[in-house]
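Following the hints, complete the assembly by docking chains Z and F onto the known chain R.
Residue numbers (the numbering used here), protein chains in the order written: chain R, 226 to 507; chain Z, 96 to 409; chain F, 147 to 488.
These are calculated hints, taken from the structure and not from any lab test.
All residues carry an ideal CB built from backbone N, CA and C; glycine is no exception.
Take these hints with a grain of salt, some might be off.
Ranges of calculated distance between the beta carbons of each label pair, as one might list FRET restraints [what the hints assert, rightly or not]:
1. T247(R) x T481(F): 46 to 52 Å
2. A286(Z) x I485(R): 55 to 61 Å
3. P486(R) x T481(F): 48 to 54 Å
4. T459(R) x T481(F): 55 to 61 Å
5. P267(R) x G170(F): 34 to 40 Å
The calculated lysine to aspartate or glutamate pairs, modelled on EDC-like cross-linking and capped at a C-alpha distance of 16 Å, are [claimed, not checked]:
6. K284(R) x D296(R)
7. K284(R) x D251(R)
8. K303(R) x D328(F)
9. K284(R) x D378(F)
10. K303(R) x D378(F)
11. K284(R) x E237(R)
12. K284(R) x E347(R)
13. K303(R) x E387(R)
14. K303(R) x D377(F)
15. K284(R) x E388(F)
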Amino acid sequence: MTESGVTRLRGEGLTLAYDQRTITRDLDVTIPDNSFTVIIGPNACGKSTLLRALSRMLKPSTGTVLLDGNDIHRRPAKQVARILGLLPQSSIAPDGITVAELVSRGRYPHQGLLRQWSPDDERVVAESMRATGVQELADRLVDELSGGQRQRVWIAMALAQETPLLLLDEPTTYLDIAHQIEILDLCAHLHEEQGSTMVAVLHDLNHAARYATHLIAMRDGELVAAGQPREIVTAELVERVFGLPCRVIEDPETGAPLVIPAARRRRPGAPALAAGALAFPA
Amino acid sequence: MLIAVAAASIAVGARPLGLGEVWHGLIDPASAHYAVVHEMRLPRTLLGLLAGAALGLAGGVMQALTRNPLADPGLLGINAGASAAVVTSTLFLGIGGLTGQIWFAMLGAAAVSVLVYAVGGGRGATPARLALAGAALNAALFSYVNAVMLLDAAALEKMRFWTVGSLAGADHTTVVRALPFVAAGLLIALATARPLNAMALGDDSARALGAHPALVRAAAIVAITLLCGAATAACGPFVFVGLIVPHLVRGLTGPDLRWLLPYCALLAPVLLLGSDVLGRVLGRPGELQVGVMTAVLGGPVFLWLVVRRKGIRT
Amino acid sequence: MIVLRTPNGFSVRLHPRPLAVGTGCALLALVVGVLSVGGGDYPIAPAEVLRTLAGGGTPAQDFIVLELRLPRLVTGLLVGAALALAGAVFQSLVRNPLGSPDMLGFTQGAAVGALLVVVAGGSTLALSAGALAGGLATGGLVYLIAWRRGVEGQRLILVGIGTAAILTGVNGYLLTRAQLTDASRAMLWLTGSLDGRGWTHAVPLLAALAVLVPLVLLAFGPALRMIEMGDDAASALGIRVERVRLMLLAAAVLLVSLACAAAGPVSFVALTAPQLAKRLTRAPGPNLLPALSMGAVLLVTADWAAQRLFTGHQLPVGVVTGAIGGAYLVWLLATSRRAVRL
Numbered sequence: 226m227t228e229s230g231v232t233r234l235r236g237e238g239l240t241l242a243y244d245q246r247t248i249t250r251d252l253d254v255t256i257p258d259n260s261f262t263v264i265i266g267p268n269a270c271g272k273s274t275l276l277r278a279l280s281r282m283l284k285p286s287t288g289t290v291l292l293d294g295n296d297i298h299r300r301p302a303k304q305v306a307r308i309l310g311l312l313p314q315s316s317i318a319p320d321g322i323t324v325a326e327l328v329s330r331g332r333y334p335h336q337g338l339l340r341q342w343s344p345d346d347e348r349v350v351a352e353s354m355r356a357t358g359v360q361e362l363a364d365r366l367v368d369e370l371s372g373g374q375r376q377r378v379w380i381a382m383a384l385a386q387e388t389p390l391l392l393l394d395e396p397t398t399y400l401d402i403a404h405q406i407e408i409l410d411l412c413a414h415l416h417e418e419q420g421s422t423m424v425a426v427l428h429d430l431n432h433a434a435r436y437a438t439h440l441i442a443m444r445d446g447e448l449v450a451a452g453q454p455r456e457i458v459t460a461e462l463v464e465r466v467f468g469l470p471c472r473v474i475e476d477p478e479t480g481a482p483l484v485i486p487a488a489r490r491r492r493p494g495a496p497a498l499a500a501g502a503l504a505f506p507a
Numbered sequence: 096m097l098i099a100v101a102a103a104s105i106a107v108g109a110r111p112l113g114l115g116e117v118w119h120g121l122i123d124p125a126s127a128h129y130a131v132v133h134e135m136r137l138p139r140t141l142l143g144l145l146a147g148a149a150l151g152l153a154g155g156v157m158q159a160l161t162r163n164p165l166a167d168p169g170l171l172g173i174n175a176g177a178s179a180a181v182v183t184s185t186l187f188l189g190i191g192g193l194t195g196q197i198w199f200a201m202l203g204a205a206a207v208s209v210l211v212y213a214v215g216g217g218r219g220a221t222p223a224r225l226a227l228a229g230a231a232l233n234a235a236l237f238s239y240v241n242a243v244m245l246l247d248a249a250a251l252e253k254m255r256f257w258t259v260g261s262l263a264g265a266d267h268t269t270v271v272r273a274l275p276f277v278a279a280g281l282l283i284a285l286a287t288a289r290p291l292n293a294m295a296l297g298d299d300s301a302r303a304l305g306a307h308p309a310l311v312r313a314a315a316i317v318a319i320t321l322l323c324g325a326a327t328a329a330c331g332p333f334v335f336v337g338l339i340v341p342h343l344v345r346g347l348t349g350p351d352l353r354w355l356l357p358y359c360a361l362l363a364p365v366l367l368l369g370s371d372v373l374g375r376v377l378g379r380p381g382e383l384q385v386g387v388m389t390a391v392l393g394g395p396v397f398l399w400l401v402v403r404r405k406g407i408r409t
Numbered sequence: 147m148i149v150l151r152t153p154n155g156f157s158v159r160l161h162p163r164p165l166a167v168g169t170g171c172a173l174l175a176l177v178v179g180v181l182s183v184g185g186g187d188y189p190i191a192p193a194e195v196l197r198t199l200a201g202g203g204t205p206a207q208d209f210i211v212l213e214l215r216l217p218r219l220v221t222g223l224l225v226g227a228a229l230a231l232a233g234a235v236f237q238s239l240v241r242n243p244l245g246s247p248d249m250l251g252f253t254q255g256a257a258v259g260a261l262l263v264v265v266a267g268g269s270t271l272a273l274s275a276g277a278l279a280g281g282l283a284t285g286g287l288v289y290l291i292a293w294r295r296g297v298e299g300q301r302l303i304l305v306g307i308g309t310a311a312i313l314t315g316v317n318g319y320l321l322t323r324a325q326l327t328d329a330s331r332a333m334l335w336l337t338g339s340l341d342g343r344g345w346t347h348a349v350p351l352l353a354a355l356a357v358l359v360p361l362v363l364l365a366f367g368p369a370l371r372m373i374e375m376g377d378d379a380a381s382a383l384g385i386r387v388e389r390v391r392l393m394l395l396a397a398a399v400l401l402v403s404l405a406c407a408a409a410g411p412v413s414f415v416a417l418t419a420p421q422l423a424k425r426l427t428r429a430p431g432p433n434l435l436p437a438l439s440m441g442a443v444l445l446v447t448a449d450w451a452a453q454r455l456f457t458g459h460q461l462p463v464g465v466v467t468g469a470i471g472g473a474y475l476v477w478l479l480a481t482s483r484r485a486v487r488l
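Chain R with its partners taken away, still in its complex shape:
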């Protein structure tokens, strides 16, 4: 399906705009196959916009998003949905729906008027629930679950779509730290177990550095850097992208880069910081 060197999902010359406001201009981006790509950047840098464009939610003003070499907007929507899945930032769980029913809705792209519930559907739904650890909650009402559990259910629904590519729009934003790690561990596990390509927009830089196999840093609608976290996460990059003076050390748990923001004033006994680190940009 893909020639060597050509990835399944990429964008070329993307100019994305909402109502007169241009977010990105002529942006090229490539999502490496089988990677866990994370897009980071400050607020309003265009990372969510980019994800929406990649997932077919937003039509680019110019440029194309290519899925398997074809313009994603030219292909039938249901066909795309069998290849590319999206976990939106906020979805509405209908009143009174159980976990099993919600997850089974993810099978929609594979179903039709006369193929409403095949044995495949049943198997995939069970597997998705098992993979996300919600199979015991199958008959519970989604409304009754905690934030972390609910997010796992939505991920199970995205998994049930059985897509080789999965996009996640800020999957951890409304969760507390324990649940954030829980979800990210789950995503990493799914990425390893199923070999799918995952693209997530994350707010937390350290989470991104820890979990991503490929990192894309954006600022003001431009791609500042892309590559493995170990290679690109440096103090210079963080300062350039976020305007945050910091230093980068190795995470003792995972060996990934760990960003430590500079302290406001020097504490007695603390090692001296570089002179420039104390000057905060305007």
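For chains Z and F alone, coordinates are given in the frame of chain R:
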């Protein structure tokens, strides 16, 4: 501006009068136009002033109270409640006098205020939820009024002009009877201006600033009830007057209610009388009822307000 | 959930409870219908009604049942079903249980169309045509005004309400314009009535619904269920949200306009039937089929009550549905203390 419109209101009609004649008609009992001016035009103008002020003020208070720029006593069913109560009292209980009707109208207005607030979601109400609750209540109450008019042909004839909202058929007694209620409502509304300012930021902030949210809310509802009840009993239910005026005034005065409310009370009659004059001009030799005019003119303004808001999120 | 599978890979999923509610209401509607047809100034026992339907009645019974009462019943069933289906679709699209076409200006638009005909002195057939045209025109207008990169629920609600208010004013004006005799007739029509509805009303409605109902239920129903989860989630599943929304809105407006053309703007059926059905089925989703049946049974029951409640005095069915609507709102208020998310 107010004086100009008022003068125009007196001047225009089936037999238009010049300004000089208007002046003579006002002060000179021997003038040929005295009767016309005093019996028909003046009361009508005064009623328009009164009703306009009442509705404009009620709209301003309502928008502040619900923190909802699309609140309007007509849209939210409050005028319909007053109207239904008046119809009931007139036709079933035989209450003829305006004062009696006003009391019933206020009862209806109060009941619906509470109902729409609760059905619309209480404190969690968004513009759309509240508007829908109001629309539902509007529908229910109008359906009731229509049913009554249907079953009683005499009632239909008597009421079908009134239910549209009209300043015709006004006389001195109407104005005099409605005045105390409107005045009371006015005073209470103006008194709530400062506390409502504080509540604009939320109940907790308001308490921190020394206001009592529950008390203020109750007072505001009482004011709205008095104002809408009196206005509706006197002229029938109007829509949009209370909605548009605060928006226009806000452009001039800013959101401070201590300025906003008085200006609402001044500007709203201009709008109402203006619509009335327009209705009389367009509808010669008869007239287009002012209730129709406010609906047809005010509606597009409402729609423009809705369309202009970028992305109404819940 | 029951699944029926065929050897060559086809499968159909059935949910027992909604299905039971749907068929139960349909049966109830038929029972009420038979009783309704049998009552009135010339009572006919249910057994005889059935016999007449099968073709074995006396000429008098044939006339009364087949020419007078049956068309009224059939019209009532169809109007109730159409209104309820439209209501369910709307409530699902705007994600608000109060979002019914009565509130959003479409019935008022149909009324404007009809009243224009009354003022101009047109025939009954012209009245129906006017209503149909008015409803459809309003639908188009509201959609255009509310459109902005698509039509979003909250915006649609507000534009609809504004339009409804304007049109109510126009209606009020038209009412005052009409001669008094016409005004009574107009008033009667505005309330919603099944009086004197014959086969000329029932047959076109039947034909239209035979096309629209399967279209809505089968072609767009499953997509509607997904759209309830949010536009993004539905798009992610491969649904062209704006296109589906447009189709559904068009179908719903058409249903409402047809219902108004047949019986006038009967209030509150579109609002309450879907909600009642939902509470019975307790199933998530738009519950289109149960709503449809509930609407049918609601309207024929209301009509039966309207005819029989006050001896010697026939009420138009709209009065009874108005009362039902009022009661529903009061009940909603009472239960809103349980933090019902509206």
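Fill in: Hints not upheld, ascending by number
Numbers 5, 8, 12 - these are the hints that the structure violates, sorted from lowest upward.
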